[in-house]
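Novice: Chains as they are written, first to last, in my numbering: chain A, 1 to 508; chain B, 509 to 583.
Since the hints were made in silico from the structure, they are not lab data. You may find that some hints are simply not true.
In silico lysine-lysine, DSSO-like type, Cα no more than 27 Å apart, as pairs [said to hold, decoys possible]:
no., chain 1, residue 1, chain 2, residue 2
1, A, 444, B, 535
2, A, 442, B, 535
3, A, 490, B, 535
4, A, 283, A, 48
5, A, 261, A, 444
6, A, 257, B, 535
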Amino acid sequence: MQRNVLEYLEATAPRLPDKVAFSDGAASLTFGQLFRAARGIGTLLAQKGHSREPVAVFMPRCPDTVAAFFGVAYSGCFYVPIDSEMPQYRIELILQTLRPRAVLCGGGTRPAAEQLGTDAVLYDFDEAARTAPDDALLSSIRAGQLDTDPLYVVFTSGSTGVPKGVVACHRSVIDYIEQLSAALGFSEDTVFGSQTPLYFDACLKELYPTLKFGATTYLIPRSLFLSPVRLVDYLNEHRINTVCWVASALTMISGLKVLDKKIPEYLHTVAFGSEVFPIRQFKRWRAALPGARFTNLYGPTECTGMSCFYHVDRDFEDDESIPIGRPFPNTGILLLTQDDREAAPGQVGEICIRGTCVTMGYYRMPEKTAECFVQNPLNDAYPELIYRTGDLGRYNDRGELVFVSRKDYQIKHMGHRIELQEIEAAVAAHPQAAAVCAVYHKEKDRIVLYYTGEAQPGELTAFLREKLPRYMIPNRTERLERMPLTPNGKIDRKLLAARASGAEQEKG
Amino acid sequence: MEELLAILNEMHPEVDFEIADNLIDGKILDSIDIVSLVGELSDTFSIEIPAEEIVPENFNSAQALWDMICRLDEA
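Chain A extracted, bound-state conformation (with noise of 0.2 Å):
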């Protein structure tokens, strides 16, 4: 039995040393390379005394990053990737969650890396890479650790302001890529078209199969997602016949018109998920590839990566959406009343999870773990983990699961997880702004900031992109005279989220 992602890379590397595995156009890493840099990496974190600990990955998107992953869990470690482009105010934040004694930097993070407040050794790519791998010394890390080892932490936006790090173990991983790779039949000739940052689970779906399969992963420079005909240029020229993005990205393409011109003519693997695909999009990607297979993925990181699929099988009505479809063979899905019942037929319900892929829990912090991992209220029998997702789901008249909306104030942006009061939590700290609330407005994908104080939008704005990701900053900021209040006096969301669909009607 599989117990450890590197299996995947050792059974892979021996085959094919010379197949290129990722590549970002400038640079690209062979399976043999890979497995080099790995070992090597993983050899200095455990001669330097690293073992069973986060380290800090601190590099930017490219196939060396990859390494730098496979080389912590080499050395028995955790690897927490941390984009290199977010806000040095909101790395330190997440920093001050993890106290890791290693950060591995790379393609120029360094003085960056030393300008953050932290007293973590830091360790340089190139050099790590480039150590001799100790076989012996891997060999006996190897036998002693478990599939319940944690592999990563992600972090993921938090309502109080502080991201929450999601910890994931190498069964969960195993398991869901086993699954995952079966439902959509990857195999050696796949060659992924990579959209999703490295600081988030979402890039699962392409690391981890290139590895089993020997398959192929280019790391698709952000760029290119301006510029959408260059973008199908860009998929044609490398032969890409599988891509699970972001509705967003696909919807850019399609919405701008350029399936009309040209199409990706090697696609016959298109999954999308994160946030629901308007059908008059899906309808043009269907209608420009009418060979290629389309399927929704759904899950939260919480329960690494998907947890959920449907395979498109029929036509939908533009106001209709996409089911979610069935969890995959391992993996369990509750759908829960507020009384904590199973919901009955087409009643709404929290989409709850159950199965190996539920991940650890947040990373330092116990409480709120507590809150979202559960013991199963239908279960009195025996002691059963769930992690509760605050989504609100309803099974459909097929039987398919149907996302509804959120419990909460969670939303998801450009396919990024985002939760509202974090942004409003940044606003809150500029000591000009007074009453603040962030709403998001669905059919245009943007995020309208209100608030009221002396400060300026502009210089707001500015605030906002010094503590938060580019992707949370506010796409409209308005300053108002007045908060608009419910009667019980709290802040009148339904009403500014009326405001900013409203304002835009006006304009037509």
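Start from chain A and add chain B according to the hints.
Specialist: This is chain B only, laid out in the frame that chain A set:
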């Protein structure tokens, strides 16, 4: 040009669009901005922006955007 600046300022009040010339390279505009800009410019200036025009060179500054609008308007 003033109408264009008004549209841009509403999107990003923190940016001085009269001098900024790295809207794409400086990661000020993201893909959502571009999609909504294309919609707003098409409506406001009654032009059609073909997909091939949606490249960083045309979106890096207000002036580049304006040049594109004028070019498409003449066409």
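Novice: Next step is simple, just say for each hint if it's right about the structure.
Specialist: Against the structure, the hints:
no. : hint          : verdict
1   : 444/A x 535/B : holds (20 Å)
2   : 442/A x 535/B : holds (23 Å)
3   : 490/A x 535/B : violated (36 Å)
4   : 283/A x 48/A  : violated (55 Å)
5   : 261/A x 444/A : holds (25 Å)
6   : 257/A x 535/B : holds (23 Å)
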